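Novice: Same order as they appear, the protein sequences are chains R and A.
Under the working numbering, the first sequence has 4 at position 7, and the numbering climbs by one with no breaks.
When you read off a place in the second sequence, starting at 1, and then add 7, the result is the number in the working numbering.
Honestly, I wouldn't trust all of these hints.
With a straight-line Cα cutoff of 25 angstroms, these simulated SDA-like cross-link-like pairs (lysine to any residue) come out [to be verified]:
hint	chain 1	residue 1	chain 2	residue 2
1	R	K0	A	T62
2	A	K78	A	N14
3	A	K78	R	K0
4	R	K0	A	T107
5	A	K64	A	M34
Some chain A residues close to chain R (C-beta under 10 angstroms, calculated; not the full set) [what the hints assert, rightly or not]:
hint	residue
6	K64
7	R79
8	A99
9	V120
Treat the hints as calculated values from the structure; they're not laboratory data.
Just so it is clear, the structure is predicted and the values come from calculations on it, not from any experiment.
Don't be surprised by glycine CBs; every beta carbon is placed ideally from N, CA and C.
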Amino acid sequence: AQKVTQAQTEISVVEKEDVTLDCVYETRDTTYYLFWYKQPPSGELVFLIRRNSFDEQNEISGRYSWNFQKSTSSFNFTITASQVVDSAVYFCALSLIYNQGGKLIFGQGTELSVKP
Amino acid sequence: EAQVTQNPRYLITVTGKKLTVTCSQNMNHEYMSWYRQDPGLGLRQIYYSMNVEVTDKGDVPEGYKVSRKEKRNFPLILESPSPNQTSLYFCASRSRTGVTEAFFGQGTRLTVV
C-alpha cells in the first residue's frame, strides 16, 4: 500500500526565517511521481512541483527548494527567507501513474504560519 | 485558460435533501476524480473516472454517486446527505499519461445540518 506522511502538523516561524516541511512516502513501485501543493487561506489548491522517481536532482525555484532522496523515501520542501504570504497549508502527494485514474495519495498537510 | 470549474463554492443543506455538485474541465482530460478534505486526513479520493461512461469507487465512496456522460463533466451526487459528509470537496482532472499534475477546482465547502 502507498502512504504519505507529513509529521509536522503545524509550524510557526517569524518572517525571514528558513523553514523545511518534511514529507516521507511509502511505495513498492519503482515508477511514481511526487508533488507539492499549496492551499492558501482562500482554499484553492496551487500546484508547486512535480518530481518523478527517476529524477533525484534537487530543484530550486526562487525562494523554494525541494530535496528528493530515494534512499530515505523523502521529498522535503524548504522555503528560504519566509514571507507572510507563504502562510498556508502545504500538501505532499504521491501518484502511481495508472492507479485509480491517476489518483493522488496525500499526506495530512502541514499548516505553516509566518508571522511578521 | 486551463481550468476546472466547480459549483457551488459554498452549500448548506439539510440531512436527506439530494444535491449535486457540478464539475467541468476544459483540458480534454480523460481522468477525473472527486476528493474530500477533512482536518488531519488530507484529501481522500471518493470516485474517479478514466473516460466517458467509465467510473469506479475510490477510497471513500459510501454515500456518493457520480456520472460521466460527457468528457468535460463529472458531477458528484449526494442522494441523501448526512452530517458526516460535511467537508471540503475538490474535483480534479488529469491527462491519461498521468505524468502531469492534477488540476483542481476551487473547492466546494458543504455543510449538512
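Novice: Looking at the structure, which of the earlier hints fail to hold?
Specialist: 3, 7, 9
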